[in-house]
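Novice: Chain by chain, the residues:
2 protein chains.
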Amino acid sequence: MGISVRAFGTLAADAPLSEMDIPRRSPGQDDVHIEITYCGVCHSDIHTARNEWLNSTYPVVPGHEIIGRVVEVGRNVKRFKKGDLVGVGCMVDSCLKCDPCRHHLEMFCQNGCTWTYNSPDPHTGGRTYGGYSTHIVVREKFVLKVPETIDESAAAPLLCAGITTWSPLRHWKVGKGQRVGIIGMGGLGHMGIKFARALGAHVVMISRSPEKARDAEDLGAHEVLLSTDTKAMRAQANSFDFILNTIPVGHEMDPYISLLRIDATMVLVGAVEPLKPFHGGGIIMGRKRVAGSLIGGIKETQEMLDFCGKHNIVCDVELIRIQEINEAYDRVVNSDVKYRFVIDMRSLKE
Amino acid sequence: MGISVRAFGTLAADAPLSEMDIPRRSPGQDDVHIEITYCGVCHSDIHTARNEWLNSTYPVVPGHEIIGRVVEVGRNVKRFKKGDLVGVGCMVDSCLKCDPCRHHLEMFCQNGCTWTYNSPDPHTGGRTYGGYSTHIVVREKFVLKVPETIDESAAAPLLCAGITTWSPLRHWKVGKGQRVGIIGMGGLGHMGIKFARALGAHVVMISRSPEKARDAEDLGAHEVLLSTDTKAMRAQANSFDFILNTIPVGHEMDPYISLLRIDATMVLVGAVEPLKPFHGGGIIMGRKRVAGSLIGGIKETQEMLDFCGKHNIVCDVELIRIQEINEAYDRVVNSDVKYRFVIDMRSLKE
Chain U
15 MGISVRAFGT LAADAPLSEM DIPRRSPGQD DVHIEITYCG VCHSDIHTAR
65 NEWLNSTYPV VPGHEIIGRV VEVGRNVKRF KKGDLVGVGC MVDSCLKCDP
115 CRHHLEMFCQ NGCTWTYNSP DPHTGGRTYG GYSTHIVVRE KFVLKVPETI
165 DESAAAPLLC AGITTWSPLR HWKVGKGQRV GIIGMGGLGH MGIKFARALG
215 AHVVMISRSP EKARDAEDLG AHEVLLSTDT KAMRAQANSF DFILNTIPVG
265 HEMDPYISLL RIDATMVLVG AVEPLKPFHG GGIIMGRKRV AGSLIGGIKE
315 TQEMLDFCGK HNIVCDVELI RIQEINEAYD RVVNSDVKYR FVIDMRSLKE
Chain P
15 MGISVRAFGT LAADAPLSEM DIPRRSPGQD DVHIEITYCG VCHSDIHTAR
65 NEWLNSTYPV VPGHEIIGRV VEVGRNVKRF KKGDLVGVGC MVDSCLKCDP
115 CRHHLEMFCQ NGCTWTYNSP DPHTGGRTYG GYSTHIVVRE KFVLKVPETI
165 DESAAAPLLC AGITTWSPLR HWKVGKGQRV GIIGMGGLGH MGIKFARALG
215 AHVVMISRSP EKARDAEDLG AHEVLLSTDT KAMRAQANSF DFILNTIPVG
265 HEMDPYISLL RIDATMVLVG AVEPLKPFHG GGIIMGRKRV AGSLIGGIKE
315 TQEMLDFCGK HNIVCDVELI RIQEINEAYD RVVNSDVKYR FVIDMRSLKE
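These protein sequences, in sequence, are chains U and P. Per the working numbering, residue 15 is the first one in the first sequence, and the count goes up by one each step. Per the working numbering, residue 15 is the first one in the second sequence, and the count goes up by one each step.
To be clear, the hints were calculated from the coordinates, so they are not data collected in a lab. It cannot be assumed that every hint is accurate.
Put simply, identical chains are the same to the list, so a pair is met inside one copy or across any two.
Stated by the list, open to error - DSBU-like, lysine-lysine: derived pairs with alpha carbons at most 35 Å apart: (1) K226 to K155; (2) K190 to K159; (3) K290 to K363; (4) K96 to K111; (5) K245 to K95; (6) K95 to K226; (7) K324 to K226; (8) K290 to K245; (9) K92 to K324; (10) K190 to K313; (11) K159 to K96; (12) K245 to K111; (13) K190 to K96; (14) K324 to K111; (15) K187 to K159; (16) K190 to K95; (17) K245 to K226; (18) K111 to K95; (19) K111 to K363; (20) K324 to K352.
If you're wondering where the values come from, they're calculated on a predicted model, not measured in any experiment.
Go ahead and model the full structure; you've got the sequences and the hints to work with.
Specialist: This is the structure we're talking about:
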């Protein structure tokens, strides 16, 4: 048995997003039924809506940075009650039994986790639909508590942009006494700066654009390093304990690798595509490392939200109405947003 | 004050190696004077003799896998006495004061370590000359003790091929219960198999050549995985805890990265040149890592030699006379050696 809810989605790669009705399952014993208040706009939403990853099944309803209020819970649900402020990120289910799941890495579930949209949905036999919608029904285990003290709308992107940058910073133990570089200053990079600063590191924003310097410092960067300034780059060679690389496309890696200290790591979180060739000697000299990281597990996402509540950290967002989504997509593609669009989902009911 | 000793070297990139005299300093208070008995032939010797790295200063006398007997020690020398069996590897000096040196990583000395050949020599103001020679004078700190129980000639390549593979296996804590892949079966790879096996890992030799299977098992591999067998490669995806990649040239990385488990590392020790592009998604999915490693520090080299003495591990070598060196170089370039040439340096006195 299911219900039908209002959403914004698309029926084809080249069609604009528009209003539509989508099925949601009726909440089961282990489910939380959420009325969505805000949903962030992630670049993945655009890739999927436009079938740029060639894996879209239409209709597509994007959105995996979801904030809302609980309207109803299944009878086995212990952690939530009606009225609670909650979040949903990139995943809505996984087997919870395999080795990665037992180690709180549900995103690497060996049986395949259920993504929040454009994913086969084992509950319905259909597809999952995301957060550009009035309501969503999610298994309790994949629902996050959102601190009531936080600005709800600005918290939405924490569910993807936040955890994507938080997880590698924590996994590689970034903290006091460390010199940390953040490459790129979009939705991911701006959160990387805030988190690295809050974790006690000396934060260097690494960018090609001199005009980003002031903004970077406002976000918490101690320094800005212009990657186009070869003299400055050479002066900072071998000086970074960790670099978080949020560049979303393939790019020259050698200049950034040269910044790493002995045994230091550069983690890629953005470039889900072929990297440009880099020189083996660059990692062999200095025993350096290049690694990847994908969002983060549910437990770690909760830890991040709790940390954000305690330290009053949210994203810098531009609030839009759902009717503005197609224009917002074009602006994201042109990097014309500081730093994340968030949709006020009440606009869908108007 | 210096002495002149007989050596085999070359005066130009396109000249064959031939007999010549080279200067050695007289042993100082902290030095060990060694009569060389055996010297391994490393591919770096050829790159340098032929100026393939474009950094050769002639004359070049190669050789950094040196075994010999102490003939004389300076008065401050404590660890060695006349007659001791000793080894010298890729380095003969470093500042010993900088951060990497204090952490036993002399190869990353911030003031530049002194390589065994083709390196500026702070002691003489000239250049260093390597092990294709009757004698060498080396600062005590850079002289290794070689267990008397070991086969001297077969121990020579431990000083470079040995430590190059030992160091990453130890640094990344390879041991029991782990599934470890060794890519490539030359001078480096064959030692990788022996060491990984001796450290208790389940060892999989990964090769393009079916004819290497028998040899790999003789060396200690539990299994052979043909990288050309896409079905076998797919079956072993996400199953390796660690991969040691000894391929000496740029190559496709994606197939090997796909073999790594979550959080596992592939370490490159051979490809000191531009790598081919690999897919960012391959490391992002599974939080995988690609790293480099360069030889190893002096302390770690001594630990390796002690381990080899205890476990009776040496290299598989083909012994040659120095007069055969030019033919041997051509065979190394054609991968026609199992697995390392070692020069009997007594042939130089004939």
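Novice: Indicate which option fits the pair K92, K324 if close means a Cα-Cα distance not exceeding 35 Å: within, between, both or neither.
Specialist: Answer is within: at 23 Å inside a copy they meet the 35 Å cutoff, but 59 Å across does not.
Novice: If the cut is 35 Å between Cα atoms, do K190 and K159 qualify within a copy, between copies, both or neither?
Specialist: For K190 and K159, only the intra-copy Cα distance (28 Å) is at most 35 Å; the inter-copy one is 41 Å.
Novice: How do K159 and K96 come out at 35 Å by Cα distance, when the copy is not named: within, between, both, or neither?
Specialist: Close inside one copy (13 Å), not across copies (73 Å); limit 35 Å.
Novice: Given identical chains, is K324 near K352, meaning Cα to Cα at most 35 Å, within a copy, between copies, both, or neither?
Specialist: Only inside one copy: K324 and K352 sit 24 Å apart there, 62 Å across copies, limit 35 Å.
Novice: Reference check for the pair K324 and K111, CA-CA at most 35 Å: within, between, both, or neither?
Specialist: This pair counts as within: shortest intra-copy Cα distance 32 Å, inter-copy 43 Å.
Novice: For K187 and K159, with the copy left unspecified, which applies at a CA distance of at most 35 Å: within, between, both, or neither?
Specialist: So K187 and K159 pass the 35 Å test inside one copy only (24 Å; across, 38 Å).
Novice: I want to check one pair: K96 and K111. Are their C-alpha atoms no more than 35 Å apart within a copy, between two copies, both, or neither?
Specialist: Within one copy only: 29 Å inside a chain, 64 Å across chains, cut-off 35 Å.
Novice: Could you figure out if K226 and K155 sit no more than 35 Å apart (CA to CA) within one copy, between two copies, both or neither?
Specialist: Neither. Shortest intra-copy (39 Å) and inter-copy (50 Å) distances fail the 35 Å Cα cut-off.
Novice: Checking an output row: K190 and K313, CA cutoff 35 Å. Within, between, both or neither?
Specialist: both (23 Å within a copy, 30 Å between copies)
Novice: Reference check for the pair K95 and K226, CA-CA at most 35 Å: within, between, both, or neither?
Specialist: Classified as neither; 43 Å inside a copy, 63 Å across copies.
Novice: What label fits K245 with K226 when the C-alpha limit is 35 Å: within, between, both, or neither?
Specialist: within (19 Å within a copy, 49 Å between copies)
Novice: Could you place K324 and K226 in one of the four classes (within, between, both, neither) given a Cα distance threshold of 35 Å?
Specialist: Cα proximity of K324 and K226: one copy only (28 Å, versus 59 Å across).
Checked against the numbered hints given earlier, this structure breaks hints 1, 3, 5, 6, 13, 16 and 19; the rest are met.
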